[in-house]
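**Student:** Listed below, chain by chain, are the residues.
There are 6 protein chains.
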Amino acid sequence: MEDKWLNSLITKDAQDGYELAIKLSRMAIKFTQPSEEIRNKIRPEYASNAQNLIASSQVVATNFNTVALANNFWKD
Amino acid sequence: MEDKWLNSLITKDAQDGYELAIKLSRMAIKFTQPSEEIRNKIRPEYASNAQNLIASSQVVATNFNTVALANNFWKD
Amino acid sequence: MEDKWLNSLITKDAQDGYELAIKLSRMAIKFTQPSEEIRNKIRPEYASNAQNLIASSQVVATNFNTVALANNFWKD
Amino acid sequence: MEDKWLNSLITKDAQDGYELAIKLSRMAIKFTQPSEEIRNKIRPEYASNAQNLIASSQVVATNFNTVALANNFWKD
Amino acid sequence: MEDKWLNSLITKDAQDGYELAIKLSRMAIKFTQPSEEIRNKIRPEYASNAQNLIASSQVVATNFNTVALANNFWKD
Amino acid sequence: MEDKWLNSLITKDAQDGYELAIKLSRMAIKFTQPSEEIRNKIRPEYASNAQNLIASSQVVATNFNTVALANNFWKD
Numbered sequence: 020m021e022d023k024w025l026n027s028l029i030t031k032d033a034q035d036g037y038e039l040a041i042k043l044s045r046m047a048i049k050f051t052q053p054s055e056e057i058r059n060k061i062r063p064e065y066a067s068n069a070q071n072l073i074a075s076s077q078v079v080a081t082n083f084n085t086v087a088l089a090n091n092f093w094k095d
Numbered sequence: 020m021e022d023k024w025l026n027s028l029i030t031k032d033a034q035d036g037y038e039l040a041i042k043l044s045r046m047a048i049k050f051t052q053p054s055e056e057i058r059n060k061i062r063p064e065y066a067s068n069a070q071n072l073i074a075s076s077q078v079v080a081t082n083f084n085t086v087a088l089a090n091n092f093w094k095d
Numbered sequence: 020m021e022d023k024w025l026n027s028l029i030t031k032d033a034q035d036g037y038e039l040a041i042k043l044s045r046m047a048i049k050f051t052q053p054s055e056e057i058r059n060k061i062r063p064e065y066a067s068n069a070q071n072l073i074a075s076s077q078v079v080a081t082n083f084n085t086v087a088l089a090n091n092f093w094k095d
Numbered sequence: 020m021e022d023k024w025l026n027s028l029i030t031k032d033a034q035d036g037y038e039l040a041i042k043l044s045r046m047a048i049k050f051t052q053p054s055e056e057i058r059n060k061i062r063p064e065y066a067s068n069a070q071n072l073i074a075s076s077q078v079v080a081t082n083f084n085t086v087a088l089a090n091n092f093w094k095d
Numbered sequence: 020m021e022d023k024w025l026n027s028l029i030t031k032d033a034q035d036g037y038e039l040a041i042k043l044s045r046m047a048i049k050f051t052q053p054s055e056e057i058r059n060k061i062r063p064e065y066a067s068n069a070q071n072l073i074a075s076s077q078v079v080a081t082n083f084n085t086v087a088l089a090n091n092f093w094k095d
Numbered sequence: 020m021e022d023k024w025l026n027s028l029i030t031k032d033a034q035d036g037y038e039l040a041i042k043l044s045r046m047a048i049k050f051t052q053p054s055e056e057i058r059n060k061i062r063p064e065y066a067s068n069a070q071n072l073i074a075s076s077q078v079v080a081t082n083f084n085t086v087a088l089a090n091n092f093w094k095d
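Chains as they are written, first to last, in the numbering used here: chain A, 20 to 95; chain B, 20 to 95; chain C, 20 to 95; chain D, 20 to 95; chain E, 20 to 95; chain F, 20 to 95.
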């Protein structure tokens, strides 16, 4: 796995926080399936399937909740 | 992806917060499947399928939890 | 979509809060599938299928968590 | 639906709270499928299917989180 | 159902808390399917199926969140 | 099961916390399916299937929420 890919949960604003949530969601897939070749092969499958896209959005929502809490919802 | 699509999690009232939750849910799908053509092709599939509609509602519920917390449930 | 359907997350008691959670769960489905005709056609499908009923209950549970937090669990 | 089925989220102890979580999980199914006849017909289906049993346990876990928070984890 | 199976959410340490989360996850299945015979028959099915194992791990994660909160993450 | 596999939820930084979330996600699978032989047999199945990979990422997201909360988001 990459050496250092997550330095902090703190982001500049909400949109950056959302992009971090997407990154967190993808990293778990990398950890479970380290082979880039296999990931590339199955990527079209999940990116063109309604059920998988919705499930991906659920993972992002869960991670975004964590990131938003960490940043006190960017209210400070 | 769009330049700036998320400025803040703070909304005027609960209903606007719910609509932001829907927007957050859809953005993750855009990030995973950037092709508008493919998204339009699969949209009828997930909007006419009970299982996918319920799963979509689950994503909105998770994002709404985040937005509602950010706004202190619009109690202030 | 309806003009004003969500005024507040605050409810009189826990049971009213639960009913609001059900309403929130259904609204996401309306947003994703605005056609009442299609929704009516698929309704029997998800209301008579164990997996869909359980998934619906999961959405309600998530929304109820939000509503219960908003109301400080009706302890005040 | 029943007149009054939920008076409070406060319970005597953790086990009672868990049983309330189960009740909350079942009520959503009653709201979605009000016909007792249909519910009885599909009950064996979901109670004998591993995937549905696990999904049911997920709903209970989410509701139990809400009930446990409401009771300050029965630490008072 | 068993007379008294849950005395407290407080555990000695994080690992005990994790084991309590597993117990909570299993109890919901017992409540939904009280017949030990049927549970034993479907157990191999869900313990040898990738999708069911991951779903089980999701339930444990949700219950562990509750138990960890109850114990203030074992930081006291 | 292993004697002592979880000492604390506190980690040095966010990335270590994420790795702990992955460990927590895997342990539930070990508890449900203690046979290493069977786990090894089904591993390729879930690591090469889009739906299972996304579901795994969901479990990690839930556990990461718990670990991040335990560490006050590594802000101290």
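These are computed hints drawn from the structure, not numbers from a lab. Small disclaimer: the values here were computed from a predicted structure and weren't measured. Using N, Cα and C, we set each Cβ at its ideal position, and we do this for glycine too. Be aware that one or more of the hints could be misleading.
Far from chain B by the CB rule (all over 12 Å, computed), these chain C residues [said to hold, decoys possible]:
(1) Asp35
(2) Arg58
(3) Lys94
Derived coverage of chain D by chain C (criterion: at least 3 residues anywhere in the stretch with Cβ under 8 Å from a Cβ of chain C; other residues may be distant) [said to hold, decoys possible]:
(4) 23-36
(5) 49-59
(6) 64-73
(7) 76-82
(8) 85-95
**Student:** Run every hint past the structure and note whether it holds.
**Tutor:** So, going through the hints one by one against the coordinates:
no.: 1; hint: Asp35; result: holds (15 Å)
no.: 2; hint: Arg58; result: violated (8 Å)
no.: 3; hint: Lys94; result: holds (15 Å)
no.: 4; hint: 23-36; result: holds (count 7)
no.: 5; hint: 49-59; result: holds (count 4)
no.: 6; hint: 64-73; result: holds (count 5)
no.: 7; hint: 76-82; result: holds (count 4)
no.: 8; hint: 85-95; result: holds (count 3)
The structure is inconsistent with hint 2 alone, although it conforms to all the rest.
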